[in-house]
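Asker: Read off the chains here:
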Amino acid sequence: MSKTLGSNLGGIMKDGLWTQNVVFSQLLAMCPTMAVTTSGTNGLGMGLATTAVLVVSNALVSMIRHTVSSQVRIPVFVVLIATLVTVVDMAMNAWLHDLYKVLGLFIALIVVNCAILGRAEAFAVKNGVVASAADGLAMGLGFTGALTGIGLIREFLGAGTLFAQASNLLGPAFAFLEVNIPGYGGALLMILPPGGFAVLGFLLAGKRAMESRLQARAGERCGTA
Amino acid sequence: MNADAPTGRPVASPHAHGGSSVGRTMFRVQMALVPATLYGFWLFGWPSFFLWLLTVVSCLGFEAISLKLAGGTRIKATLLDGSAALTGWLLAMTLPPWAPWWVAPIGGFIAIVIGKQVFGGLGQNVFNPAMVARVALLVSFPVPLTQWVTPLPLTALAAPGFVDGLRIFLTRLPQPDAMASASLLGYSKTEMLRGIDLLHSLAGEHAPAVSWIGARSGSFGEPASLLILGGGLYLLARGVIGWHAPLAVLAGVAIPAAIGHAADPAHYLSVQAHLLSGALMLGAFFIATDYVTSPNTAAGQIVFGLGIGLLTWVIRSYGGYPEGVAFAVLLMNALTPAIDRFIRPRALGRDRKGKALDVARGGVQ
Numbered sequence: 001m002s003k004t005l006g007s008n009l010g011g012i013m014k015d016g017l018w019t020q021n022v023v024f025s026q027l028l029a030m031c032p033t034m035a036v037t038t039s040g041t042n043g044l045g046m047g048l049a050t051t052a053v054l055v056v057s058n059a060l061v062s063m064i065r066h067t068v069s070s071q072v073r074i075p076v077f078v079v080l081i082a083t084l085v086t087v088v089d090m091a092m093n094a095w096l097h098d099l100y101k102v103l104g105l106f107i108a109l110i111v112v113n114c115a116i117l118g119r120a121e122a123f124a125v126k127n128g129v130v131a132s133a134a135d136g137l138a139m140g141l142g143f144t145g146a147l148t149g150i151g152l153i154r155e156f157l158g159a160g161t162l163f164a165q166a167s168n169l170l171g172p173a174f175a176f177l178e179v180n181i182p183g184y185g186g187a188l189l190m191i192l193p194p195g196g197f198a199v200l201g202f203l204l205a206g207k208r209a210m211e212s213r214l215q216a217r218a219g220e221r222c223g224t225a
Numbered sequence: 226m227n228a229d230a231p232t233g234r235p236v237a238s239p240h241a242h243g244g245s246s247v248g249r250t251m252f253r254v255q256m257a258l259v260p261a262t263l264y265g266f267w268l269f270g271w272p273s274f275f276l277w278l279l280t281v282v283s284c285l286g287f288e289a290i291s292l293k294l295a296g297g298t299r300i301k302a303t304l305l306d307g308s309a310a311l312t313g314w315l316l317a318m319t320l321p322p323w324a325p326w327w328v329a330p331i332g333g334f335i336a337i338v339i340g341k342q343v344f345g346g347l348g349q350n351v352f353n354p355a356m357v358a359r360v361a362l363l364v365s366f367p368v369p370l371t372q373w374v375t376p377l378p379l380t381a382l383a384a385p386g387f388v389d390g391l392r393i394f395l396t397r398l399p400q401p402d403a404m405a406s407a408s409l410l411g412y413s414k415t416e417m418l419r420g421i422d423l424l425h426s427l428a429g430e431h432a433p434a435v436s437w438i439g440a441r442s443g444s445f446g447e448p449a450s451l452l453i454l455g456g457g458l459y460l461l462a463r464g465v466i467g468w469h470a471p472l473a474v475l476a477g478v479a480i481p482a483a484i485g486h487a488a489d490p491a492h493y494l495s496v497q498a499h500l501l502s503g504a505l506m507l508g509a510f511f512i513a514t515d516y517v518t519s520p521n522t523a524a525g526q527i528v529f530g531l532g533i534g535l536l537t538w539v540i541r542s543y544g545g546y547p548e549g550v551a552f553a554v555l556l557m558n559a560l561t562p563a564i565d566r567f568i569r570p571r572a573l574g575r576d577r578k579g580k581a582l583d584v585a586r587g588g589v590q
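From first to last, the protein sequence lines are chains A and B.
With the numbering used here applied, the first sequence corresponds to residues 1 to 225, in that order.
With the numbering used here applied, the second sequence corresponds to residues 226 to 590, in that order.
Only chain A is shown next, with the shape it has when bound in the complex (with noise of 0.2 angstroms):
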């Protein structure tokens, strides 16, 4: 049992960061991919913070599986979730009040994320605890690892900076990360809506030209051998 889990782990871990991923495969949660990647340091923060919902639901939903009837599991799983993101909501507007202020309204909005109730209908009801944290935590860090790129892309070619006032969300000590390249505006239309849509599309584009050619790769392989 347990060398079945960790052969899993692997998988479930792929399937997150890579081969699922929220955003370049899924497609799912676009409505905060869109409006919170104005900045490396928005898309980690967002994404951290639907990481931690996103792990404790998976859990919470994988535990009572077999107790909620399949009649009635949407509104208790709307229930759980809205719980842990009220939760995350008062915790970063404690402890992380500067990006709350930032995050705002979205923080609140994680709670219709279609991707933290889809993996609770794909995933968590179908499966057990450590599987199903594991899959949460995997989803969310893909999920996390899309939109810091996607917003260091935008803040990048868009304000000229990176990692922009990163100290907020995580400390003084990391205050290095920030790099402002000197002599550069930006191009105001990279933060705005449309930025975000071209620099999802030209990803999206690369992600499916990089897997044709590992695909047209293997195939040669298989034809040869």
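To be clear, the hints were calculated from the coordinates, so they are not data collected in a lab.
Any given hint could be a false lead.
[To be verified] Calculated cross-link-like contacts (lysine to aspartate or glutamate; reagent style DMTMM-like; alpha-carbon spacing at most 25 angstroms):
1. A:Lys14 - A:Glu211
2. B:Lys293 - A:Glu211
3. B:Lys293 - A:Glu220
4. B:Lys578 - B:Asp565
Fit chain B to the supplied structure of chain A, relying on the hints for placement.
Answerer: Below, chain B without anything else, positioned relative to chain A:
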């Protein structure tokens, strides 16, 4: 006939091929732009020539890269059909003549890659590529994209020579020899925001002239409104474009402008100022007539043109930006599929609702 013409040429009757091709159409449109462009070179000097050249070259370069990435087999033929060069040319006409060099490659990238090739290349794009790039540049870099210079004709003593022109183009050093100036639309909007109405601001000493001859500041193609109009008439005469869209655009601006100006000349510019300013002539004859992004039917084109004209007037009169042709074109581009859906030509042998005509009773009632 062009041997390289794409397949899909209708072979069975009752179709006939007009003998035209993408390349020939694009060539004629470019010929129509030549007078206004040469006038622009003369008026704004070498920096404007470099900007025009780099914009066209960037568009061609990004077109080539995109076609290569897409695995195209007719790269050279597609480049030579002139569509990418025309996009760059039109974009350059709308840029401030002394814009810094990096505006050209960024504009070329936005126009060709994001505005056109992402959708599948020539004929597939939803929005006019040149206008996409113009709007993206204006929104992204508001300062360099709204800095106008006073025209310094090439023959003037103070005009920068070839080397100086290159220096102005490549660096962003302050130009003591280039007098900053305002275009008419920008000037009147700024003054209006300061609370000075048009009657006073246009009578002021530094007000830009509403000039038919065209020695005034503005975008590269803006002073030459009448030459662009002439180029448009040439295209009309050659049958490259139809009269519906251009006339509708001009009417869409002129009618509300006439009403507004008659009602309150202190707040609404005159018809003449509207027609000659900004990108209106270029928009009416070269942008609104884009085959790809305008409706298919004549009635649709009239709706499309009136929409562009009206939106342009609304943006100029009430909007935050002084000029609105590019925004208006993009908005109407987005409506084009809807217009085409509601205004359809009558199919042969059927009435407007698509019901088969009763042949026995003698066709249309």
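Asker: Are the Cα atoms of Lys14 of chain A and Glu211 of chain A separated by 25 angstroms or less?
Answerer: holds, 14 angstroms
Asker: Given the hinted pair Lys578 of chain B and Asp565 of chain B, is their alpha-carbon gap at most 25 angstroms?
Answerer: Holds. Lys578 of chain B to Asp565 of chain B sits at ~15 angstroms (cutoff 25 angstroms).
Asker: Under the criterion that the straight-line Cα-Cα distance not exceed 25 angstroms, is the pair Lys293 of chain B, Glu220 of chain A satisfied?
Answerer: Holds: Lys293 of chain B and Glu220 of chain A sit about 22 angstroms apart, inside 25 angstroms.
Asker: Starting from Lys293 of chain B, check that the Cα of Glu211 of chain A is at most 25 angstroms away, please.
Answerer: With a Cα-Cα distance of about 19 angstroms, the restraint between Lys293 of chain B and Glu211 of chain A holds, given a limit of 25 angstroms.
Of the hints listed earlier, there is not a single one the structure fails to meet.
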